[in-house]
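**Student:** Given these sequences and hints, build the entire structure.
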Amino acid sequence: MSDVTNYMQKLALTDEILMSVDKPARYIGGEVNMVKKNPRDVDIRFCMCFPDVYEVGMSHLGIQILYDMFNKREDTYCERVYSPWPDLDKILREKQIPLFALESQEPLKQFDFLGITLQYEMCYTNILQILDLAGIPLHASDRTEEDPIVIGGGPCAYNPEPLADFFDFFYLGEGETVYNEILDKYKVHKAKGGNRREFLELVADIEGMYVPQFYDVTYHEDGTLASFEPNNVHARKTIRKQVEMELSDTFYPEKPLVPFIRAIQDRVVLEIQRGCIRGCRFCQAGMLYRPIRERNVEFLKDLATKMLRSTGHEEISLSSLSSSDYSCLKELVYYLIDTFQNDGVNISLPSLRIDAFALDVMNKVQDITKSSLTFAPEAGSQRMRDVINKGLTEEVILNGATEAFKGGWNKVKLYFMLGLPGEQEEDIRAIAELSNVIAKAYYDTIPKSERKGKVQITTSTSFFVPKPFTPFQWVRMATAEEFMEARKVLSASIKEQLNAKSIKYNWHDTDVTMLEGVFARGDRRCAALIEGAYKDGCLFDSWSEYFRNDIWMKQFEKTGLSLEFYTSREREKDELLPWDFIDAGISRSFLYREYEKSKQGIVTPNCRKGCAGCGAAQFHGGVCYEPRNEAGESTLNEVLIPDC
Amino acid sequence: MNVRVRFAKYGAVKFIGHLDVLRYFQKAVRRAGLKIAYSQGFHPHQIMSFASPLGVGITSEGEYMDMELTAEYTPKEIVDALNSAMVEGFTVLSARILPEPENGRKRETAMSLVTVADYLVTVKETDGFFSKRPLSELQEQWTCFYHQESIPVIKLVKKSNTETTIDLKPFLYEASITSETLKKVGPRKNTKDFYTVEPIPEFSFDQEEDCKKKGLFSVLLRVSAGSADNIKPELVLEAFAKFLGCENTDVLRFQIHRLNMYSGAYPLLVQL
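Chains U and D, in that order, are what the protein sequence lines are. Heads up: the first sequence begins at 0 in numbering that gives the first Met the number 0, then just goes up one per residue. Heads up: the second sequence begins at 0 in numbering that gives the first Met the number 0, then just goes up one per residue.
It should be emphasised that the hints constitute simulated quantities derived from the structure, not laboratory data. Heads up, the beta-carbon is just placed ideally off N, CA and C, and yes, glycines get one too. Some hints here could point you the wrong way.
[Claimed, not checked] Label pairs and their computed distance ranges (CB to CB):
1) ARG382/U to LYS158/D: 56 to 66 Å
2) GLY407/U to PRO100/D: 38 to 48 Å
3) PRO74/D to PRO38/U: 38 to 48 Å
**Tutor:** Put into structure tokens, the structure is as follows:
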């Protein structure tokens with residue numbers, strides 16, 4: 000390295016470039032707990048990628064788990080790469096500097112694997128940026144023996160079709176399960192001097208692995224799928240999601256990476272359980288990660304100690320869906336408070352059901368005058384909440400809020416969705432009314448003399464996007480115009496409320512939502528939209544300052560694809576859906592049954608109250624095998640059941 | 000007890016800004032297992048303060064941080080504990096236990112004490128402005144430059160975003176030019192020096208690449224620092240270039256290395 004002070008840890012970028020970009024620490028690596036290996040000493044070089052900016056990508060737990068797991072192998076060096084921000088993107092192109100991994104600072108092109116996590120649809124152009132800057136052909140079919148094998152994984156991989164052209168294979172399931180098998184096979188394969196195609200055939204033999212180029216797709220004249228068939232003997236007709244059933248006390252990094260610059264998650268993150276028992280019908284994560292599997296509380300206590308010590312973080316947060324359902328939550332939270340609070344460690348609480356326990360904990364760990372109470376009723380009317388199977392009643396919210404007001408809180412955040420299936424105007428107005436009733440509860444509860452200013456209700460709405468592997472995978476998504484109309488109705492309705500002055504209303508952008516809708520349920524033809532948008536300059540689409548809806552709309556004209564076909568079209572019950580070749584562990588018949596029930600507003604009890612027969616019992620563990628009483632209710636933690 | 004720690008920052012971490020260095024040390028103290036005092040309240044913070052922020056891109060072997068510890072340690076224990084929690088690019092060089100302030104007096108922080116700093120500035124350039132001149136000429140000119148009655152420079156005032164002219168002369172205490180350039184910064188075996196310099200045998204600059212990368216010559220500076228009259232070393236070098244007739248100082252590049260910081264009034268200085 001030429002620069003005078005760069006002799007120790009070598010850097011891919013010169014001092015001059017690093018001094019000219021925003022936050023150069025994004026590109027230098029060398030963070031606390033970074034794994035250092037000599038790339039010449041390993042057989043396999045794996046680069047993990049989160050296709051968004053460093054501060055976002057470094058906050059992702061999944062990569063930290065796999066980084067730790069891969070680097071425990073002596074034969075493998077796992078490194079990282081994130082999307083270069085537009086300022087560096089421009090320089091890399093101008094100076095033709097190949098994109099590099101943070102650890103070795105060596106070009107991605109030299110790696111055996113590039114693993115890209117797919118967390119949200121609006122990062123798809125960033126994937127092409129990574130490939131492009133690395134000098135890897137965008138299309139899997141154009142890659143040669145010189146190129147890394149490009150793997151996709153994560154929630155968006157459950158409808159991989161819009162990205163099918165760009166990936167060599169998709170990993171469907173939890174990373175802990177078969178990655179070691181893949182790496183073992185690769186090592187043998189590489190030693191033998193096998194070629195790319197042979198390796199992909201080996202991969203296709205492994206359950207859960209989807210190699211898109213081994214399948215052919217045909218379409219009906221109306222644009223719907225006609226067939227989806229393997230064209231290679233190694234390719235399976237159905238790809239079965241892989242689930243890790245040994246989560247209780249395994250697979251967790253004791254020394255997670257600590258970035259120099261502040262990441263979104265600047266804290267120790269403890270995953271207390273995976274999966275969810277609630278069965279909200281709009282929620283993809285709640286369906287995909289079934290069955291719920293808890294981690295052992297003693298294991299978590301020990302991990303918390305080790306991770307706080309190895310990172311030096313001054314905050315720890317618990318991560319899971321619906322944390323209140325974790326059976327040892329009280330024990331864990333009180334342990335964390337008692338053990339660490341005197342050492343200046345903040346305990347950051349996940350979204351808890353507001354009850355006496357939650358209020359007591361919040362009292363201990365938060366500054367009441369500054370913190371706010373969060374509820375996610377998702378829908379305003381009880382009718383609509385029954386449709387989406389969100390088991391939160393107005394009574395529960397009001398009781399929780401009233402207790403919190405008595406405890407000194409006066410800020411409440413409420414989250415709702417607009418455009419839910421079957422939404423009527425009264426359902427929209429009900430959002431405003433519920434916000435008002437909560438404000439009223441404050442004024443009814445707290446005497447004037449004890450009030451510290453007005454109550455502050457923040458009501459936020461997002462627009463509903465139907466997702467694969469949910470009961471709403473068949474439904475018609477609202478149009479942008481309908482979303483705007485719903486927003487207007489709600490806005491006006493909030494203004495009419497008696498306590499309108501105490502309610503602040505926030506909403507999301509519709510244009511981005513429409514594109515999410517396209518890619519969430521899109522097919523292989525959508526790849527042309529992504530590639531076209533990228534080539535015409537789209538990048539960092541999830542960042543509103545860079546989102547260019549005009550360029551995206553142009554791609555629909557260019558390709559002749561219809562936005563409405565993918566979004567605002569009700570699917571027939573027996574339509575072949577682009578993701579139907581995936582077995583996500585929950586049956587299509589269960590999903591359709593739930594869809595039918597939603598139309599009638601019939602709720603389905605949570606997994607601990609009764610089994611709805613979703614199919615996840617096939618994995619032989621978790622909630623499906625908890626002890627039950629005569630009524631079929633789980634006896635794991637009875638106190639947690641009454642709310643729902 | 001109150002402790003003042005001296006540390007070095009070099010290599011890739013020179014690109015980490017001051018606020019992130021602060022965050023880095025907050026976490027490092029926790030990793031080191033040192034018992035540090037916290038402020039009261041719902042968001043307690045460590046009782047810790049830094050002498051003077053170091054600009055992004057600058058290396059140093061003279062950074063100081065004060066902290067209050069709630070247990071007793073020897074300086075060596077503190078240095079060893081912190082070094083066990085460092086990453087490449089940060090080295091803790093020494094720790095000094097601070098005496099208790101006299102009755103009724105407030106403790107003076109490193110930040111309030113700093114008055115003077117030493118720098119080694121290696122000059123690089125991109126268009127051959129300096130490299131056209133032989134070293135002897137540069138040395139002569141440097142003497143003339145340094146002995147001027149006043150050295151006016153234009154300084155940007157951040158708060159009002161206006162430019163103001165200041166005279167560098169009263170704040171430039173010592174300065175000398177050398178044909179050596181900064182080679183590397185980092186821990187050295189068998190020597191107490193933390194950086195090494197590289198002499199340039201023939202001071203001829205036909206090789207343009209060398210000028211850009213290794214640098215041309217260096218200047219050792221002792222200038223005013225701290226909250227009152229903080230002089231950025233590049234300001235002195237830019238003034239020198241202008242003195243020689245350089246119209247566009249944007250082509251100049253510097254690798255700045257802070258050597259140490261002092262309190263007191265020049266020339267009676269005490270190392271922090």
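**Student:** Cβ-Cβ distance between PRO74/D and PRO38/U: within 38 to 48 Å?
**Tutor:** Holds, at about 39 Å.
**Student:** CB of ARG382/U to CB of LYS158/D, is that within 56 to 66 Å?
**Tutor:** holds (58 Å)
**Student:** A range of 38 to 48 Å was offered for this pair. Does it hold for the Cβ distance of GLY407/U and PRO100/D?
**Tutor:** holds (39 Å)
Figure legend: structure checked against the earlier numbered hints; every hint is met.
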